[in-house]
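Asks: Sequence:
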Amino acid sequence: MHMERVVLPDDWFIPETIQKQSFRDPWKMIGRELLRVKVRGKPEDNLDPNPKEREILRIRTGKSEYEDAIGKTGDFVMKEKPYGLPLPIEPVAIFSAKDDPDKKSECSIILASKNIALPSNVF
Numbered sequence: 001m002h003m004e005r006v007v008l009p010d011d012w013f014i015p016e017t018i019q020k021q022s023f024r025d026p027w028k029m030i031g032r033e034l035l036r037v038k039v040r041g042k043p044e045d046n047l048d049p050n051p052k053e054r055e056i057l058r059i060r061t062g063k064s065e066y067e068d069a070i071g072k073t074g075d076f077v078m079k080e081k082p083y084g085l086p087l088p089i090e091p092v093a094i095f096s097a098k099d100d101p102d103k104k105s106e107c108s109i110i111l112a113s114k115n116i117a118l119p120s121n122v123f
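In the working numbering, the protein residues as written are 1 to 123.
These are computed hints drawn from the structure, not numbers from a lab.
Just so you know, not all the hints are guaranteed correct.
To be verified - Computed spacing ranges between beta-carbons, pair by pair:
| # | residue 1 | residue 2 | range |
| --- | --- | --- | --- |
| 1 | Val-39 | Trp-12 | 24 to 34 Å |
| 2 | Ile-30 | Glu-4 | 23 to 33 Å |
| 3 | Ile-89 | Tyr-66 | 54 to 64 Å |
| 4 | Arg-40 | Ile-14 | 38 to 48 Å |
| 5 | Ile-56 | Leu-35 | 25 to 35 Å |
| 6 | Arg-5 | Lys-38 | 37 to 47 Å |
| 7 | Val-39 | Leu-85 | 23 to 33 Å |
| 8 | Cys-107 | Pro-82 | 50 to 60 Å |
| 9 | Cys-107 | Pro-43 | 51 to 61 Å |
| 10 | Leu-87 | Gly-41 | 49 to 59 Å |
| 11 | Pro-86 | Pro-51 | 27 to 37 Å |
| 12 | Val-7 | Leu-35 | 54 to 64 Å |
| 13 | Ile-30 | Tyr-66 | 37 to 47 Å |
| 14 | Arg-32 | Glu-67 | 22 to 32 Å |
Even glycine gets a Cβ: it sits at the ideal position worked out from N, Cα and C.
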């Protein structure tokens with residue numbers, strides 16, 4: 001089979017596709033109103049309480065138990081100070097038992113005063 005080389009003239013039109021005759025440009029077909037983006041509002045959330053419904057049902061959301069009981073107590077203690085002024089915070093020196101076996105940390109002293117069987121002492 002022999003292939004012959006053909007040279008086309010310079011003004012020859014080469015179509016980009018064989019579908020060129022049936023191709024319709026979509027940008028020419030659609031109108032301006034379809035190109036505009038329609039802004040939609042935020043959809044209603046079914047978790048938000050409906051004020052009109054709450055008014056009809058006479059629902060009044062009060063304070064929670066925490067706000068009502070514990071919050072009142074905390075406010076009273078902070079404002080009235082029934083136990084006097086708070087104690088000043090003093091730094092406590094913590095000794096390491098590795099350097100000097102005679103020095104004990106504050107935790108060791110507290111644990112020694114209580115007769116508690118720790119798992120490390122049992123085994």
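Asks: Work down the list of hints and note, for each, if the structure agrees.
Replies: So, going through the hints one by one against the coordinates:
Distance hint check for Val-39 and Trp-12: the Cβ-Cβ separation is about 50 Å, which falls outside the suggested range of 24 to 34 Å. Remark: the range hint 23 to 33 Å for Ile-30 to Glu-4 is contradicted by a beta-carbon distance near 46 Å. Distance hint check for Ile-89 and Tyr-66: the Cβ-Cβ separation is about 27 Å, which falls outside the suggested range of 54 to 64 Å. One distance hint, 38 to 48 Å for the beta-carbon pair Arg-40 and Ile-14, holds here, with the actual separation near 46 Å.
In this structure, Ile-56 and Leu-35 break the distance hint of 25 to 35 Å, their C-beta atoms being roughly 45 Å apart. A beta carbon spacing of about 57 Å between Arg-5 and Lys-38 contradicts the range 37 to 47 Å that was offered as a hint. Roughly 60 Å separates the CB atoms of Val-39 and Leu-85, a value that falls outside the hinted 23 to 33 Å. Range check, Cys-107 to Pro-82: Cβ separation about 31 Å, and the 50 to 60 Å hint is violated.
Our hint of 51 to 61 Å for Cys-107 and Pro-43 holds, since their Cβ atoms are close to 57 Å apart. Hint check: Leu-87 to Gly-41, Cβ distance near 57 Å, so the stated range 49 to 59 Å holds. Pro-86 and Pro-51 have their C-beta atoms about 44 Å apart, which leaves the hinted 27 to 37 Å range violated. Restraint check, Val-7 to Leu-35: a C-beta distance of roughly 45 Å breaks the suggested window 54 to 64 Å.
At roughly 58 Å, the beta carbons of Ile-30 and Tyr-66 sit outside the given window of 37 to 47 Å. In this structure, Arg-32 and Glu-67 break the distance hint of 22 to 32 Å, their C-beta atoms being roughly 56 Å apart.
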